[in-house]
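With chain A held as given, fit chain B onto it using these hints.
Letter by letter, the chains look like this.
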Amino acid sequence: MARIIVVTSGKGGVGKTTTSAAIAMGLAKKGHKTAVIDFDVGLRNLDLIMGCERRVVYDFVNVINGEATLNQALIKDKNCDQLYILPASQTRDKDALSQEGVGKILEELKKDFKYIICDSPAGIEKGAHLAMYFADDAFIVTNPEVSSVRDSDRMLGILSSKSRRAEQNEDPIKEYLLLSRYSPDRVKLGEMLSVDDVQEILSLHLLGVIPESKSVLSASNAGIPVILDEKSDAGQAYADIVARYLGEEKPHRFIDEKKGLFGKLFGGK
Amino acid sequence: MSLLDYFKSSKASSASLAKERLQILVAHERSSRNQPSYLPQLQQELLEVIRKYITVEQDAISVNFEQNDTQETLELNIVLPDHPSKPS
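Protein sequence lines, in the order shown, are assigned to chains A and B.
Residues in the first sequence are numbered consecutively from 1, following my numbering.
Residues in the second sequence are numbered consecutively from 1001, following my numbering.
Possibly wrong hints are sitting among the right ones.
Stated by the list, open to error - Under 8 Å between C-beta atoms, here's a sample of chain A residues computed to sit facing chain B:
hint : residue
1    : Val146
2    : Val149
3    : Arg150
4    : Asp153
5    : Pro172
6    : Gly190
7    : Glu191
8    : Met192
9    : Ser194
10   : Val195
11   : Asp197
12   : Ile201
These are calculated hints, taken from the structure and not from any lab test.
C-beta atoms are modelled at their ideal positions from N, C-alpha and C, and glycine is treated no differently.
The shape of chain A in the complex, shown without the other chains:
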């Protein structure tokens, strides 16, 4: 049975598209046929992060309007043949998406794909609403920072009341916390909310912590999902997240600060 995953946050700039690209690539690399859809109509960026911006011919809105078939619009990823990208429209306004149109496309994708990742735009407007409406699972991307945590909680409220599952009294969407841009050093100094703090406030199941990492910017510069940078901490964090989501037992990493020689000698514990 196919599963629809929404990557959402409420707040912008927390790492939704980075996460969508990494998770989609991770699932596809594990052999699951995966599609990743950009719901940010007018401000598409998933194509850039995935490095397929020059291969966009048709987009999501073209398919909804019947101007192209789904197969014409889906872009096969250059690194993994199990991964397909459905880009957002860059020119139309955000009202171009309709609930009926999105529902029809998702139904069609479900016949052929195991996982469908919906990369939500920021905010709680129509695009964000439609990205989460049909979801089975929600990845809540949160930064350890007050406005991001508050917006995540707001999104949780919307997921539990405005989604298809909520409206039809089905089992609720499964919600997972992905804490990104985490700096263990700053947490240790009391400058940043800790994983435990955020989990206590949001009461969410933690799928993984992604450390603040230079490799995220290098990956987006190159248009290669960061999960393919297997040596980087962020890449490994996303690989762990994919494995945990698929049911593997992986102890959490990147929560404690790296200790240098000085820290090992004098840091205690």
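Relative to the frame of chain A, chain B by itself:
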């Protein structure tokens, strides 16, 4: 605990301040999330009716909505002034 930790723990951190503020805010926003959308208007109209008879302040009236598995409770609380007088 290392010697370094001893010096670090002397002042309240900004992270704990953030946590405290968030806990209060999130609890407040969650409690109002499940309220029916007519609640603010109901409160306003009730206030108008009461003010026909008694002079009360805007914040003297509170309307609370609570929901559990079996029932929904609408609680109306009006604090009357010490010397009630009819508005002229």
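Interface hint compliance - Gly190 of chain A to chain B, C-beta minimum distance less than 8 Å: With a minimum Cβ separation of about 3 Å from chain B (threshold 8 Å), the hint on Gly190 of chain A holds.
Residue hint Asp197 of chain A, partner chain B, criterion CB-CB below 8 Å: holds, 5 Å
Agreement of hint Pro172 of chain A with chain B interface, Cβ distance less than 8 Å: violated, 15 Å
Status of the Arg150 of chain A interface restraint (C-beta, 8 Å, chain B): Status holds, d = 6 Å.
Hint status (Cβ of Ile201 of chain A to nearest Cβ of chain B, threshold 8 Å): holds, 5 Å
Supplied contact hint for Val146 of chain A, tested at 8 Å Cβ to chain B: Result: holds, 5 Å to nearest chain B Cβ.
Restraint outcome when Val195 of chain A is required to lie within 8 Å of chain B by C-beta distance: Constraint on Val195 of chain A not satisfied, violated at 12 Å.
Proposed interface contact between Ser194 of chain A and chain B, which counts if any beta carbon pair is under 8 Å: Holds, because the Cβ-Cβ distance from Ser194 of chain A to chain B comes to roughly 7 Å (cut-off 8 Å).
Chain B contact restraint for Glu191 of chain A - C-beta distance below 8 Å: Glu191 of chain A check passes; min Cβ-Cβ to chain B is 6 Å, inside 8 Å.
Hint validity - Asp153 of chain A Cβ closer than 8 Å to any chain B Cβ: Holds: closest Cβ of chain B sits about 5 Å from Asp153 of chain A, inside 8 Å.
Closest C-beta approach of Val149 of chain A to chain B relative to 8 Å, hint status: With Cβ-Cβ at 6 Å, under 8 Å, it holds.
Hinted contact Met192 of chain A with chain B - closest CB pair below 8 Å: Where the cut-off is 8 Å and the nearest Cβ of chain B is about 6 Å from Met192 of chain A, the hint holds.
Taken one by one, the earlier hints fail for this structure at numbers 5 and 10, listed in ascending order.
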